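Keeping the supplied structure of chain F fixed, place chain D upon it in accordance with the hints.
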Amino acid sequence: MAVSSPSFRRTSSHSPGKVLLTSLIHMPWTWRIMLGYLLVMLIMPVTAMLLRAATVGPAEFWRIATSPLALSTYDVTFTTSLIAALIDGVFGVLIAWVLVRYDFPLKRFIDASIDLPFALPTAVAGLTLATVYSNNGWIGSLLAPLGIKIAFTRLGVGIAMMFISLPFVVRTVQPVLMQMEREIEEAAWSLGASPLQTFWRVILPPLFPAILTGVALGFSRAVGEYGSTVIISSNTPFRDLIAPILIFQRLEQYDYAGATVIGAVLLLISLVMLLIINFIQAWGKQYD
Amino acid sequence: MSRWHSLLSRWGQVPEVPFFRLRLNSLKSFVSMVLLGATLSLVVASCSGSNTASTSSTTPAGGASPVAAQKQDVELTLVAYAIPKAAHDAIIPKFAEKWKAEHGQNVTFKQSYGGSGSQTRAIIDGLEADVVHLAVGADVEKLVKAGFVNENWQQRVPNNGIVGETVAAIITREGNPKNIKTFEDLTKDGIKWVTPDPKTSGGARWNYLALQNYAKKTGLDDAKALEFITKAYKNVAVLTKDARESTDAFAKQGQGDALVNYENEVILAKQKGEKLDYVVPDINISIDTPVAVVDKNTEKHGTQEVAKAFTEFLFTPEAQREFAKVGYRPLGDLGKEKEFTALFPPVKQLGKIDEFGGWKEAQKLFEDGGAFDQVRSQLGRS
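Quick note, the sequences are listed as chains F and D, same order.
Residue 172 in my numbering sits at position 172 of the first sequence, and the numbers go up by one each step.
Residue 148 in my numbering sits at position 148 of the second sequence, and the numbers go up by one each step.
Hints may contain errors.
[Claimed, not checked] Pair by pair, the computed Cβ-Cβ distance ranges are:
#1 F:M49 x D:G369: 56 to 64 Å
#2 D:A101 x F:L42: 54 to 62 Å
#3 D:E361 x F:M49: 49 to 57 Å
#4 D:P177 x F:L42: 51 to 59 Å
#5 D:A90 x F:L35: 55 to 63 Å
#6 F:E60 x D:T316: 47 to 55 Å
By construction, these hints were calculated from the structure, which means they are not laboratory data.
All figures in this text were calculated on a predicted structure; none of them were measured in a lab.
Virtual Cβ for every residue (Gly too), placed ideally from N, Cα, C.
In isolation and in its complexed conformation, chain F is listed as follows:
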């Protein structure tokens, strides 16, 4: 997509096919290698998946993709992922802020441990979270008297998603914050801006694209998450059954095509949501 679009713009007088071909022929080596790599690593697997999903035929595709159970799993997966990513957006910025602006003992240790969710096998993460947040776990036992149940509910799924996608926000915001000069803030203060105004008007705008990127990455990670969510979810249909588990259930029944149908739908929805985030980002850049 992004590859062929510049050529459309530059030579709009030619037919698109011809333009595509000539641009392919005249590509510099970096582009060829990139295209080749993307072809093997991304485009071919995705195409294979879509082709497999297409084997069931449109009517069957629609039936599998829009069955009430499938619809409810999309809802659980995407809504929970989005909320989890947004919460991570807030707390991730806070963590990055503290890590960049303050010095304290064990800072390096905490900084390194932010990446733990990346390194930890997700099944281990799920098991740990399920134990800590269950009714007789450390955190779960504190909340149980209040009637709040976390493990084996949708709330637990959200917690697992927040856990695995936290590093994305921290790690995308941190470098931008590090580059930001403190003098800008001091200038804002000396010109009479309140702390809140400084944050909203001076600090947040340049951070915004990085936060959005982090949230988008975290969101996509949460949508695809399986290992930890399958353990902390009670997997009750229409309540907290997530779409990746539905895919696994179909695989277990040797229904490869049905599984790829759900996979294709997930892929399309994710793509649309990422595009929307991209547009927001481009729109936000107008004010830079």
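Showing chain D alone in chain F's frame:
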């Protein structure tokens, strides 16, 4: 703005790199790229096309006539579901000894244990098993359908191929505070129980059939039976992916008042020192785990004879004693021995899979649009 920032904010945008640069040899390299791409996709296509022709090809040349090649060592690959490992570990040396004495040939075993469904899929995808021991007959039927096992597998060994028999057990909290004794108790208000999802777990399908069997034995008609099962599944606290996870959710995370599991798993856990309260319901289902020779692979390896001998050996009292030691209900007269009558309380009304039309029919309950889908569509809604 910083380098990072500009990189990030450009995410997904068109870079302003000069795109058109004429080169004389570019057509040639383009053609070579296309050729490379075509070759790659051919390789990929051929790999996915012949997924059974992979892995070891260490079959001896005389494989076609194993009797003639008596002095040569022979290797058997046993692929089984996770639970019977302890039994097979004890049986295999005994069989190897016997085979050596009778045929003067060394037999070695490669063993693989895992979830029944994934093991089945692995065999279809190219794991070269000679003998399988799976959790449900439905999985062997899948191998039949895929052309790995001959149709008559049940006739070629004793007891219709069922080598390990157990029943369903209900594990309760200490002292059974909610007094759960039968499958009907699982449908009562205020009871929560844990089971794996029949969509992903073989053991869970037995649990479902145990409920269905209870409904049938207590005289409910089909519609009432479905209602009964739905009610039970509405009480499920956690529907886990597999049996191991359901044990974790019940024991470690304190979910539910009861857990339904294989009796042999419970006995094995008790032997390993875990404290468990459990009941074996009087109206129960016979959980039959089948063994089968994978004809397609034994023909290829020339191991038909030793594979057949091994499967038959599993039915001898000697081998059955090992199965009983790790919690399976022994076949035949062995069960009358004093050591085992205490361990295995008799079940008054034992349902058999044949009453549900065998696994060929019973499997349909769990397929797309089957009875379980109807049950499932009622879950999560009060």
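Please write out, lowest number first, the hints stated earlier that are contradicted by the structure. Numbers 1 and 3 - these are the hints that the structure violates, sorted from lowest upward.
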